[in-house]
Each structure stands twice: as structure tokens, then as C-alpha cells.
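Participant: Sequence:
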Amino acid sequence: MSAVEDRLAELGLSVPEVAKPVAAYVPALAHGGLVYTSGQLPMRSGSLVATGKVGEGDGLIDPAHAKELAQVCALNAIAAVKSVVGDLDRVTQVVKVVGFVASDPAFTGQPGVVNGASELLGAAFGEAGTHARSAVGVASLPLDAPVEVEIVVAVS
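The numbering of the sequence shown is the numbering used here, which starts it at 6 and goes up by one.
Simulated from the structure, these hints should not be mistaken for lab results. Keep in mind it's a predicted model, so treat the numbers as computed, not measured. Do not rely on the hints blindly, as some may be mistaken.
What the hints assert, rightly or not - DSS-like mimics (lysine-lysine), calculated; alpha carbons at most 27 Å apart, straight line:
| id | residue 1 | residue 2 |
| --- | --- | --- |
| 1 | K25 | K72 |
| 2 | K101 | K72 |
| 3 | K25 | K101 |
Generate coordinates for the entire structure from the input sequences, incorporating the hints supplied.
Facilitator: Have a look at this one:
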């Protein structure tokens, strides 16, 4: 087990099996010392954990819950990276995180939601988990997912 997986275990988490793509793409691809993941949804055991839009009010996913879902997405992104590099200790830097949040039109808290992914990556990779980031509100995501996260990591 890698040091990254040991840190995740301390949080009560483990790297899941890589999520199967829902269309014509691969979960992750290495090129030139970088690994790019496809957008990862909040999937567990092949099923979405939740569906819907994020916001405040009836019928919407609470931002705190959406932040937890972003963490699930990040864990799936870590699994996608592992499927390409084998040993997560080969990751020398999380370079970029892009988070998409399916948002109610009045919701502007996308950065707080995507913090779920950023905080997990920081806990898992330590200083190498520091990254540039975008948090984007969108009208909808595949399968009606509330959150989607993709990452780019540098590897040795």
C-alpha cells in the first residue's frame, strides 16, 4: 500500500475500483509526465450516490452534502490515476482540479462545494496535493449528477 493510501485509511477511506466510463472515453490517460482524468462522478459500486441540483431549498441538494459528493468524485479520480500509474506515491504534484456543480440558478457557492475534492486531495497527497483549481456552476451534468471532478497530476 502507498503512503497516499495509508493517509486515506487514516481518514477511514480506501481507493475504490476505478469507475466504469458511461460513454466512449477512458477514466485516465498518461501523457508527457502528466495523468489526466476524465470527469469523475460521485459513484459508489457503479451507482450515483445522489442526483439533482445543488442549492438552498426544497428539492435541492444541500451544499454541505454536495461537498461530500465532491470528495467521492475526488476519490474516484484518485482511483483513475492509480489505474494508470499503479503506485500513487509516483504522484509528485496535483497540478489542476476542475469541479463542475449542477446548480440551481440562484446558487453561487460552487467553490465551497469543490472544496470537498480539494481538501481530500490535500489530505491524501500532503503538500503535493496543493493545486490550481476551477469551480464551475452548470445547468446539468451526466446522469443528473450534482457534482463532477477531473484532475491533472504530475508523476515521476
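Participant: Taking the earlier hints as the rules, which of them does this structure contradict?
Facilitator: Those not satisfied: there are none.
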